[in-house]
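Generate the whole structure from the sequences, applying the supplied hints.
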Amino acid sequence: MTLIKTENLTKIYSDGKVQVEALKSVNLEIEAGEFVVVAGPSGSGKTTLLNLIGGLDKPTDGKVYLEGVDISLLKRDEMADFRLRKIGFIFQAYNLIPVLTAFENVELPLILLGISESERRKRVMEVLNLLEIGELADKKPNEMSGGQQQRVAVARAIVTNPSIVLADEPTAHLDSKTGAMLIDLMQEMNRKRGITFVICSHDPQVIQKAGRLIKLRDGTIEDDKKFW
Numbered sequence: 005m006t007l008i009k010t011e012n013l014t015k016i017y018s019d020g021k022v023q024v025e026a027l028k029s030v031n032l033e034i035e036a037g038e039f040v041v042v043a044g045p046s047g048s049g050k051t052t053l054l055n056l057i058g059g060l061d062k063p064t065d066g067k068v069y070l071e072g073v074d075i076s077l078l079k080r081d082e083m084a085d086f087r088l089r090k091i092g093f094i095f096q097a098y099n100l101i102p103v104l105t106a107f108e109n110v111e112l113p114l115i116l117l118g119i120s121e122s123e124r125r126k127r128v129m130e131v132l133n134l135l136e137i138g139e140l141a142d143k144k145p146n147e148m149s150g151g152q153q154q155r156v157a158v159a160r161a162i163v164t165n166p167s168i169v170l171a172d173e174p175t176a177h178l179d180s181k182t183g184a185m186l187i188d189l190m191q192e193m194n195r196k197r198g199i200t201f202v203i204c205s206h207d208p209q210v211i212q213k214a215g216r217l218i219k220l221r222d223g224t225i226e227d228d229k230k231f232w
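Each residue of the sequence shown is one higher than the one before, starting from 5 at the first, in my numbering.
A hint or two may mislead.
For lysine to any residue, the following SDA-like pairs were computed, each having C-alpha atoms within a straight-line distance of at most 25 Å [said to hold, decoys possible]:
(1) K9 to L217
(2) K126 to I101
(3) K126 to Q191
(4) K90 to T6
(5) K213 to N133
(6) K21 to G66
(7) K9 to T64
(8) K181 to N194
(9) K196 to N165
(10) K9 to E35
(11) K79 to I16
(12) K9 to I101
(13) K181 to S167
Label pairs and their computed distance ranges (CB to CB) [what the hints assert, rightly or not]:
(14) R125 to R221: 44 to 54 Å
(15) H206 to Y17: 13 to 23 Å
(16) E147 to V24: 34 to 44 Å
(17) P45 to A97: 15 to 25 Å
(18) T182 to E11: 20 to 30 Å
(19) D65 to W232: 52 to 62 Å
(20) T6 to P45: 23 to 33 Å
(21) T6 to R89: 51 to 61 Å
(22) F231 to A84: 15 to 25 Å
(23) A36 to Q212: 37 to 47 Å
Hints were generated in silico from the structure; no laboratory data involved. All residues carry an ideal CB built from backbone N, CA and C; glycine is no exception.
Okay, structure coming up:
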């Protein structure tokens with residue numbers, strides 16, 4: 005099943021009189037269950053593509069479909085609700101709320117979805133234990149290592165059972181060993197839960213783990229290979 009489809013996706017940023025074409029008529033299809041790595045040098049359009057797929061930004065031209073819905077047509081509140089239900093995000097800076105515990109950070113999207121307290125507790129502890137960080141439930145971000153914080157971010161991204169998880173340079177602030185462990189965990193979530201991952205990265209060890217590797221250069225797809 006086609007999960008993501010882009011048609012002539014174009015994004016132009018204007019800086020005064022200067023216009024930068026970050027993406028140029030990108031046509032792409034991503035199937036449900038894929039483990040995709042989007043690679044390319046700085047300025048190639050990786051983050052722009054991720055932001056457009058996730059509805060965090062609007063295209064200058066072209067369309068993005070998620071499960072057949074043209075998300076570029078959604079109003080702001082509709083997009084926010086759609087994103088909450090369908091998309092999980094993992095950011096390189098973790099983006100955890102510092103005053104909340106690991107449990108509370110992961111629980112937050114479930115509260116927004118109106119899930120009952122008993123079901124929230126069950127689902128939060130399930131994903132924390134799945135990622136082997138159940139013992140961190142009552143700890144706040146400043147009491148965790150970078151790798152632990154990123155695992156909490158992964159837990160928050162998958163706790164809603166999203167259709168797709170988008171990760172922007174998730175290993176950027178991690179040492180190589182911790183980064184490798186994190187990508188292995190994402191692959192495990194992909195295989196065990198069937199969660200579709202799209203990961204933007206220029207980290208060689210992330211690229212090596214790709215089930216499908218899409219290379220961007222100057223806002224266009226330079227290469228697209230599927231390995232498994």
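Here is what the structure says about each hint:
For the hint pairing K9 with L217, the CA-to-CA distance comes to about 16 Å; that is within 25 Å, so the pair holds. Pair hint K126 plus I101 holds up; C-alpha atoms about 21 Å apart against a cutoff of 25 Å. Restraint check: the Cα-Cα separation between K126 and Q191 comes to about 23 Å, which is no more than 25 Å; the hinted pair holds. With a C-alpha separation of about 14 Å, the suggested pair K90 and T6 falls inside the 25 Å cut-off, and the hint holds.
With a C-alpha separation of about 24 Å, the suggested pair K213 and N133 falls inside the 25 Å cut-off, and the hint holds. Simply put, K21 and G66 have alpha-carbon atoms about 23 Å apart, close enough for the 25 Å limit, and the pair holds. For the hint pairing K9 with T64, the CA-to-CA distance comes to about 16 Å; that is within 25 Å, so the pair holds. Taking the CA atoms of K181 and N194, the gap is about 20 Å. The hint holds against a cut of 25 Å.
As the CA atoms of K196 and N165 are separated by approximately 12 Å, the hinted pair is consistent with the 25 Å bound. Among the hinted pairs, K9 with E35 is consistent with the structure: their alpha-carbon atoms are about 9 Å apart, no more than 25 Å. Restraint check for K79 and I16: satisfied, since their Cα atoms lie roughly 21 Å apart, inside the 25 Å limit. Restraint check: the Cα-Cα separation between K9 and I101 comes to about 32 Å, which exceeds 25 Å; the hinted pair is violated.
The suggested pairing of K181 with S167 is violated, with an alpha-carbon distance near 28 Å, which exceeds 25 Å. Take R125 and R221: their Cβ atoms lie about 46 Å apart, and the range 44 to 54 Å holds. One distance hint, 13 to 23 Å for the beta-carbon pair H206 and Y17, holds here, with the actual separation near 20 Å. Between E147 and V24 the CB atoms are about 41 Å apart, so this pair conforms to the stated range of 34 to 44 Å.
Distance hint for P45 and A97: a CB-CB separation of about 21 Å, consistent with the stated range 15 to 25 Å. Between T182 and E11 the beta carbon distance is about 38 Å. The supplied range of 20 to 30 Å is therefore violated. Between D65 and W232 the Cβ separation comes to about 33 Å, which falls outside the hinted range of 52 to 62 Å. The hinted window of 23 to 33 Å between T6 and P45 holds, with their beta carbons roughly 28 Å apart.
Distance hint check: the CB atoms of T6 and R89 are about 19 Å apart, inconsistent with the given range 51 to 61 Å. The given range of 15 to 25 Å is broken by F231 and A84, whose C-beta atoms sit roughly 35 Å from each other. Roughly 23 Å separates the CB atoms of A36 and Q212, a value that falls outside the hinted 37 to 47 Å.
Consistency note: the structure conflicts with the earlier hints numbered 12, 13, 18, 19, 21, 22, 23.
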